[in-house]
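Chain by chain, the residues run as shown.
Number of protein chains: 2
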Amino acid sequence: MPKNKRGKQSFVLPEMPVITAWASIAGKKEGEGPLAHTFDIVSNDTYFGQKTWEQAEKQMQKMAMDTVIEKAGLQKNQIGLVYSGDLLNQCIGSSFTLRNTGIPHLGLYGACSTMAEGLLSASMAVSGGFADRVIALTSSHFASSERQYRFPLGYGGQRTPTAQWTVTGAGAALLCTAGTGPRIDCCTIGTVTDLGIKDANNMGASMAPAAYATIKAHLEDMKRSVEDFDLIITGDLGQLGKELLMELARRDGIYLGGRIADCGTLVFDTAKQDVHSGGSGCGCSAITLCGELLGKLNSGKLRHILFCGTGALLSPTSIQQGLPTPGVCHAVSIIGGSD
Amino acid sequence: MPKNKRGKQSFVLPEMPVITAWASIAGKKEGEGPLAHTFDIVSNDTYFGQKTWEQAEKQMQKMAMDTVIEKAGLQKNQIGLVYSGDLLNQCIGSSFTLRNTGIPHLGLYGACSTMAEGLLSASMAVSGGFADRVIALTSSHFASSERQYRFPLGYGGQRTPTAQWTVTGAGAALLCTAGTGPRIDCCTIGTVTDLGIKDANNMGASMAPAAYATIKAHLEDMKRSVEDFDLIITGDLGQLGKELLMELARRDGIYLGGRIADCGTLVFDTAKQDVHSGGSGCGCSAITLCGELLGKLNSGKLRHILFCGTGALLSPTSIQQGLPTPGVCHAVSIIGGSD
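Chains as they are written, first to last, in numbering that gives the first Met the number 0: chain A, 0 to 338; chain B, 0 to 338.
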């Protein structure tokens, strides 16, 4: 067994990376939601000053990256590595953010689990002594996602009750070998889980089995129980996916009860903001983490959370070919810091 | 400076991961090329027994993964982690290969640099003690790439002289903490480099500046010279991109001369196989590495190579929006093993 590996899917970080700074950029609708006060920048311009929604997404990532570097009191050339990815085909939000910055970059594809995958990957790089000052970065945009994954917005298609609303936003977290802030003590790498869900408008059902598999693996690998956490928080299962997750756990005798929450139901007021099952997209868990969650961990209002980034590996091509949508979930255990 | 970091973009691996097994799966045209004898499996069926080209790509990755596991004498449940990605939107070649295998998976997006990005990421995971028996896996398919990035094949569009031919193939390499085989001693993480190339049919020109930037960074960070390597081998610059790389180096007084080679010009007989500037795609460097190169490193015919995975971050969306194609290149330094 490798020295830092635990169980089947988890690893510990003997030198715990410290999240010394974080930043979140949000769109208009997100800025009207319950977490509005936690975002660094809210823009009422859907295009973020750009000509296209795809370039708007690049701009949000750039703003998140620039803001986190500024908040840490650093310069761009002091950043050792950026892990990033997004929902756009070929991850062009990420590649155009990083181009000609001179910052070493490793591209990820984890759909909406990207923020957790980035934190997990950055944790290995920092704790292993391979890089310092590593940023995990991601974004999503309602308009660029709708036209790529579903319909042109002008078509005005009706949304199903199980549909989720892609968050317009970008989040960035900076991981360092030292400093003050919340710390990552261990992570669990997800497996691609598929129970055969073919409804492209029910991503919660695609992701819930993956979320449960990863949470279960984390508890087993790390010999922990639900009560060890103030909060087990999934990325973007939405209301329906959250209920499915709780049901899957209950069947195994695990009661998630008051400890479970989902970024997709926190980032919007699902009753008032017409988002149906809740928020989704890489930006959903990213802006909830890089504002509300890290803020509360830093101030001591939260002591220990399991941040479970969930991704529906949704593809219009495979859907059109009659295939289901597999899900994935990566978990990052974060301990509250002190100022 | 983190303990294993060197210079601006590189890191060393104090406990060198050993590449104990590798496997390559190739299509018909690749099986008619000069490296035919190095592939584990060559299929004359473009569909690899599947109904669609996208599923064929999944099937190739599955065959590469299964073959490398079998060659290593292992079972699936002994694999600690798979890093993989591909060129299909949402990387469905990778996600459908991994689904319901129970193997921990981290998805990458590095376009045609994916094999190098996977080796580099796996090196950190193995050397840092976070996982053991880690596979780096990727694929590409001529037919699925053509219709996604360019034209429907039935359209019969003429190819420009600078165009490259996407390799149909998949490669897998298994990295372990111990065993016999070639070893990875250090890696250099690339930066996204863009000199404004807007011709989507000239990917060599998009990638050459990134390749040069990474090779230069490796030599500087590691205090090495070109003569320290038997071979500096790029992923898929093709004939034109290789010439541009040599010219960029020459302007800085670096003579790559007889030490440079490109997988895109090795995998096909460019004079006879009508592939214009050479091979490309994630599969290009993957099947060249996981056959010819690792074979020669293992037998002592090569002592030390710098494997430079090159990626054109090509997107039909950004091309249509008038943007250039940035490039990226990650370098992995591999030392010959002994049987």
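The reader is advised that the hints may include incorrect statements.
Claimed, not checked - Computed cross-link-like contacts, EDC-like style, restricted to lysine to aspartate or glutamate with a CA-CA straight-line distance of at most 20 Å: (1) Lys2(B) / Glu14(A); (2) Lys75(A) / Asp131(A); (3) Lys27(B) / Glu219(B); (4) Lys7(B) / Asp131(A).
Claimed, not checked - Cβ-Cβ distance ranges computed for the label pairs, FRET-style: (5) Met0(A) / Pro151(B): 28 to 38 Å; (6) Met0(A) / Asp65(B): 35 to 45 Å; (7) Gly153(B) / Ile334(A): 55 to 65 Å.
By construction, these hints were calculated from the structure, which means they are not laboratory data. Ideal Cβ placement from N, Cα and C applies to all residues, glycine included.
Return the numbers of the hints above that this structure violates; sort them in rising order. Of the numbered hints, 3, 5 and 6 do not hold.
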